[in-house]
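J.: Protein chains in written order, with this note's numbering: chain A, 1 to 330; chain B, 1001 to 1330; chain C, 2001 to 2330.
Read the hints as simulated data drawn from the structure, not as lab findings. Quick caveat: nothing in here was measured; it's all calculated off a predicted structure. Where hints are given, some of them may not hold.
[Stated by the list, open to error] Below, in silico cross-link-like pairs of lysine to aspartate or glutamate (EDC-like), each with a Cα-Cα straight-line distance of 20 Å or less: (1) 1124(B) with 2137(C); (2) 71(A) with 30(A); (3) 325(A) with 2324(C); (4) 1325(B) with 2316(C); (5) 1321(B) with 2316(C); (6) 1330(B) with 324(A); (7) 15(A) with 42(A); (8) 1152(B) with 1120(B); (9) 131(A) with 120(A); (10) 115(A) with 2134(C); (11) 115(A) with 2316(C); (12) 323(A) with 313(A); (13) 2319(C) with 316(A); (14) 2330(C) with 316(A).
[Stated by the list, open to error] Partner residues are not named here, just some residues of chain B that face chain A (Cβ under 7 Å, in silico): (15) 1146; (16) 1164; (17) 1295.
We put the beta carbon where it would ideally sit given N, CA and C, even for glycine.
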Amino acid sequence: MNTQIEFDRSVFYNKNSNIDLLSLEFNLKDIILDKKINFNFEIDDISSLNCQRKFSLIFLENEISLSIDLKKICIITNKKEIFLNDKYHNIIFVKDINLAYKEIINKIYIHDDLKTYDDEFLLKNNSFISKFADIADTALIANNCVIGKGVKIGKNCIIKNNVVIKNSIISNDVIISDNTVIGSSGFGFDLKNMGSKNLLPQIGIVYIDENTYIGSCCTIDRAKIDITYIGKNSMIDNLVHIAHNVVVGNFACIAAQSGISGSVKIGNHLISGGQSGFAGHITIGDNVTVAAKSGVTKNIKSNSIVAGFPAIDIKDWKKLKIKEKKNGYK
Amino acid sequence: MNTQIEFDRSVFYNKNSNIDLLSLEFNLKDIILDKKINFNFEIDDISSLNCQRKFSLIFLENEISLSIDLKKICIITNKKEIFLNDKYHNIIFVKDINLAYKEIINKIYIHDDLKTYDDEFLLKNNSFISKFADIADTALIANNCVIGKGVKIGKNCIIKNNVVIKNSIISNDVIISDNTVIGSSGFGFDLKNMGSKNLLPQIGIVYIDENTYIGSCCTIDRAKIDITYIGKNSMIDNLVHIAHNVVVGNFACIAAQSGISGSVKIGNHLISGGQSGFAGHITIGDNVTVAAKSGVTKNIKSNSIVAGFPAIDIKDWKKLKIKEKKNGYK
Amino acid sequence: MNTQIEFDRSVFYNKNSNIDLLSLEFNLKDIILDKKINFNFEIDDISSLNCQRKFSLIFLENEISLSIDLKKICIITNKKEIFLNDKYHNIIFVKDINLAYKEIINKIYIHDDLKTYDDEFLLKNNSFISKFADIADTALIANNCVIGKGVKIGKNCIIKNNVVIKNSIISNDVIISDNTVIGSSGFGFDLKNMGSKNLLPQIGIVYIDENTYIGSCCTIDRAKIDITYIGKNSMIDNLVHIAHNVVVGNFACIAAQSGISGSVKIGNHLISGGQSGFAGHITIGDNVTVAAKSGVTKNIKSNSIVAGFPAIDIKDWKKLKIKEKKNGYK
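Next comes chain A alone, as it looks inside the complex (with noise of 0.2 Å):
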């Protein structure tokens, strides 16, 4: 659904122009060891497996079924098998996956962990908004925000105090409460190659959609390429963290110190009990309850309520308690 919402990923990352396909090679000598490019374009923007888009590069790590004209995307891939597939028209082979994504994305993107970030802002009523920002008449911003460039804020939100927001679509009637933290970098990161050099560039963004509540001191990263999307009509309590790729659907209770690892999709009416955890790329349908302090490792099907960690059906945590009790300790 959400993941399906279109964006215009040039507004919150400034693209260098010209780089087309032919011209990717340079300073990545070490990094590709191989390319057909059959039909070149210049690069417009990135793909992901959820979503390809036209003219774009897409790193592929396993074949997949592509969704998009063949020609109007190119593959880097670190698998000699794709690599050698007929059927793809532009493709590069290299190395490794992750320095090849971080080093061609630095190089056509601009964002906020890299130095050459840049942005101009004006202080209106207390607070720093970008110029190229674009904030409905009707929304009310307080104090010692700072609102970056390209973020949409819809029609009567309410914005409270020392709220950053960056590569974020807001849409309307949402509020955002004091200090709260939205579209910062993904915790994206490559294990054999760590520290803030060698981060994986998160040139995605978040999306809150209508009437949702964010509470105070929350961080909700945006996605790596795509949406971190929060549905409708939530309530998201204070001290929450969600990561970036998250899908959260509509009618969400998410309790306070909550955290929603990387990649996790939940379905509409999720009740999340405080200080609960859910590991990353995880499935949870609709309708879930999750007990306070649970953590979720597994997908969850709907109308599901777990509690405990490993989280289980809560019927079964109340008689392991209950037997705790029995053979424990009594």
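Given chain A, work out where chains B and C should sit, using these hints.
T.: Just chains B and C now, kept in the frame of chain A:
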């Protein structure tokens, strides 16, 4: 004790004047089913189960014995049997008590989850301080703070950088460390009616008593109607969340990343280890120690030491852990 | 290693000059029981168990072997047997060691938990930067930051928005993300003497080594006397708390909402899952992996993988979880 602290709500929340009981009906036709008004008065305040105030409204789902002259209070209830009770002189029968609370309070008071909220700030020593705040001459306020209307800050307080304080009374000799938020909205809403436009108005305050220390990046939410209270001589570490209506006694020591859910009442001399959590609406006695990472789900008697989730007597918890080792994995 | 990093304390904490050992007594009559001063000197620094410095005071509750010329140090102790040991040339016998630490340090140093603390800021590119900070020309500082006196920020650092940095040395190529607080006071106090007026002065610093990344809304507290250290090439996610005196080695990877309690020492190549916690004063070897939501309560040997609370070998933890399923609820 502390719930008896008096405060003037209108200092924090501008009141739309001239709303009396008889005039409540306008625009509320769908909400108000019936009413009996025998002693009309201009609405001057809001009462709660804990604290009844003169010339106020009180929202009741269950019958309670009110401590106030019944002529000086008007009950709003969704229970027919309460409405029909002859002893109440002023009573309004509504379909949906939460909706009535939201609509009526938003008609009477202005707060920072409404777009009509307004304040006027002066830039003093690099912080934005409301013209309507009352800051002791001997209080220090560092940079980039926001101190909202009605806020009182006592003698010799130190407010560090990027702190937001709204709707709060800070006693003497309190230190509040960097990037902490005091007095933002509690997480109050109706699960059947979610989202920013449907918040249950939070029109209470936070009261931090003397000689208390609050760490960095904490969130202490204001009460819904009364006071979120932190007692004297308390020590609160970083990234701690204290929800609306919580009462913490004197000499509390709360380690980092702990969370206390809404309406919890805690006695004096609490010691809480890091990352512990307290479920909502429970009561904790005096001299209670909660081990790190505990999840306290039930009332705890004075002079207890508890651990685990759900938290149990620490001796039982240790037995359990020995049994786990013996039977579970050794 | 890192505890050997030298720093000039007086750059961060203005020192009241001309206090020598003989003059220590004023106003401390109730605290000082007896003293022997054979080689008087002006007090130039404070020592700790880990690091002894010339012309300093050291507060000792237990006898240790000091690595420094005994003429150049003055011991403050509450232990009669230490006081009576003839080998110490300069020694002061006190009733209450914590009270003595508080009173003496507050007499010598000014820090930001005292009302006498002062700094002078310039507004540069929308941030408040102390006149007495040392920022590399190539470092970027975004909006609404506060950089305090003595702070050093190395080459090519990126400090994002609303960041507070005090009492810290930031090496080259460090990125610190939005709304994070570095170098605020450690949670140091005496449970017998609580509250803001009785804090044990925190006069150490934070040292963030090269090429390290710190996420948003984190708190890294300065040491009590020495250095809270984060090693090179480390990656720290959002909402992480690192307490005073902690040492984290190089190549650490710490996921969101983790907390490391005071004085924990961690080797290189830590991987810590989200929401995990470390009890105070423990030692963790190299190449240790801590599963998400773990609570590490004891020293951990190098090359271990642990999980659970209290954290045990992950193989044992998995056995336990299988047993729980078999016997507990299936």
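J.: Now, for every hint given, state plainly whether the structure supports it.
T.: Structure-based check of each hint:
1. 1124(B) with 2137(C): violated (29 Å)
2. 71(A) with 30(A): violated (26 Å)
3. 325(A) with 2324(C): Given pair residue 325(A), residue 2324(C) holds - Cα atoms ~13 Å apart, limit 20 Å.
4. 1325(B) with 2316(C): holds (9 Å)
5. 1321(B) with 2316(C): holds (13 Å)
6. 1330(B) with 324(A): Holds, because 17 Å separates the two Cα atoms, which is no more than 20 Å.
7. 15(A) with 42(A): With Cα atoms ~11 Å apart, residue 15(A) and residue 42(A) stay inside 20 Å; holds.
8. 1152(B) with 1120(B): Distance ~16 Å between residue 1152(B) and residue 1120(B) Cα, so the pair holds.
9. 131(A) with 120(A): holds (6 Å)
10. 115(A) with 2134(C): This hinted pair holds, its Cα atoms lying about 19 Å apart.
11. 115(A) with 2316(C): violated (46 Å)
12. 323(A) with 313(A): holds (15 Å)
13. 2319(C) with 316(A): Measuring from Cα to Cα gives roughly 18 Å; hence the hint holds.
14. 2330(C) with 316(A): holds (8 Å)
15. 1146: At about 4 Å, which falls below the 7 Å cut-off, the nearest Cβ of chain A leaves the hint on residue 1146(B) intact, so it holds.
16. 1164: holds (4 Å)
17. 1295: For residue 1295(B), the interface hint holds, since the closest Cβ of chain A sits about 5 Å away, which is under 7 Å.
In the structure shown, a violation is registered for the earlier hints numbered 1, 2 and 11, in ascending order.
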